[in-house]
Amino acid sequence: MKHGETAGSAILDDIDRRIAAAPPFPGLRRFPEGRRFKQWTGDDSKALMKVYLSAIAGHVPDEMVQAIAAFLEFCYFVRRPVINQETLHKIEDALTRFHTHRKIFETTGVRTSLSLPRQHSLKHYIWAIQQFGAPNGLCTSITESRHITAVKEPWRRSNRYEALGQMLTINQRLHKLGAARDDFEERGMLKGNILSATMEALRQVHRKLQVDQEDLDPDNNNEDSAEVPVSTAVGHSGAMEDSALGEQTEQVLLPPEDEGIPVDGKQVVGFVDMALTPQRGYPRTLLGLGQHMKYPSLVDHVRHFLYYQAHPNSDRSSTDLELWECPSIPDSQQVLVFHSACTTFYSPSDISSLGGMKSEHIRSCPRWRGKEERRDCAFAQKDGSVPGIKGLFIVRVRFFFSFRIDGRRGTVYPCAFVEWFKLVGDERDPVTGMWVVEPDLDSDGIREVSVVHLDSLIRSAHLLAVFGDEFLPTDFHFSYTLDSFRAFYVNQFADHHANELLMV
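First residue of the sequence shown? That's 1 in this note's numbering, and the numbers climb one at a time after it.
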């Protein structure tokens, strides 16, 4: 109505391109054609809303963006597993802002009335939570989604004659199979695969042989008779490749899909493991790797990293640190390169195990699934005593690598070579309600990079471009996004754990 049919269609096309330009993120659905596809479901709507705000900002009135942002905040707050008085105040504030800003849809003529049953139900959430507790994801979509497995599929399996009894029998058997699977998983009967079971058997045999050898030769105290890595015993090339990975046998059990998955185990704060297999095709020395990755100062960055590992309480910045003060390291230092790391963290609001644990992969590889380059972003620990984004760093992983100092018995350092982002301002963007970051640049306008320990990473971060009112080229590809824009929104709606991490 404001722009006319032709200009309006151009804006809608650009919104579709913006949606398609969202970088990949574990568990986040991609929309390569934007929102224009035939069959639309509730899951599609929920997935689209995670990337929708940045796509419409600059193309629609600010109050419309603020209304949708307030509605999303409300939805994420009521999904939290624990809701206290402070959370109730945030829910009430989000609902008030939504009711205030949604009037723009009437004043612009988009709608003649806002009397919608599902929007009206929002008014009753606070009272219902006070009476019955946190819903933690309970909603009508649960029963809507279950009708496929509970009704449609059993009906199709029946002979269609007096099918109710057959359908009930099918559901009973499915329930028993599900209970049996849960029982098998609790006993550990479904953990691992043939490869992991074989590896464990070989480890046990290897340990037994070592014990027997020590019993036969109790006076052998030679340092050269140290334990041989299991990788050598089972025929893998290079003892360093196995030992540099540390104790990461849990990752053998993780499927290769690029989405966040539930992980069985005790409730812990979180941890990060490097991928099990180092990648071929990379130089095996630090100097060669730096030249190959077009970061010739990699050795200097590693020396700075080793200084901070030796002086964890140092408040000196890397720019004030002279290279001669850092530990020396040879250019021929052996190094292994990896394409991913697995983070495991407590996330009860997302789909998780009984303990509330979830895992996802942070990826950094030149060709993802044989196609485009992928360099994921991540949250890194800055100050654990400061809540929210101000206690976090945001980095982009250029590559993962590990190296060992001081020989076979030395320390293994699993690392990430990262680009840095910094906050723009001290408050969230007033329109979208999201934090804005920009690449941290040096005096030459080049993105700042450094080496960080793998343990400093927390989980994946999702950045969405700040498009403004500019139009994207028609051939723009999502793999260009993180390299092409000067500012990014930190997506607090990527999943519920990210929301709890940022919206405090």
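Hints may contain errors.
Listed next, the in silico DSS-like pairs over lysine-lysine satisfying Cα-Cα at most 25 Å (straight line) [said to hold, decoys possible]:
(1) K90 x K208
(2) K176 x K152
(3) K152 x K123
(4) K382 x K371
(5) K208 x K191
(6) K208 x K152
(7) K422 x K382
(8) K422 x K390
(9) K208 x K176
(10) K390 x K90
(11) K103 x K90
(12) K294 x K371
(13) K294 x K390
(14) K152 x K46
By construction, these hints were calculated from the structure, which means they are not laboratory data. Since the model is a prediction, treat every value here as computed from it, not as a measurement.
Quick rundown of the hints versus the structure:
no.	hint	in the structure
1	K90 x K208	violated, 59 Å
2	K176 x K152	holds, 19 Å
3	K152 x K123	violated, 34 Å
4	K382 x K371	violated, 34 Å
5	K208 x K191	holds, 23 Å
6	K208 x K152	violated, 55 Å
7	K422 x K382	holds, 12 Å
8	K422 x K390	holds, 10 Å
9	K208 x K176	violated, 41 Å
10	K390 x K90	holds, 19 Å
11	K103 x K90	holds, 21 Å
12	K294 x K371	holds, 21 Å
13	K294 x K390	violated, 31 Å
14	K152 x K46	holds, 23 Å
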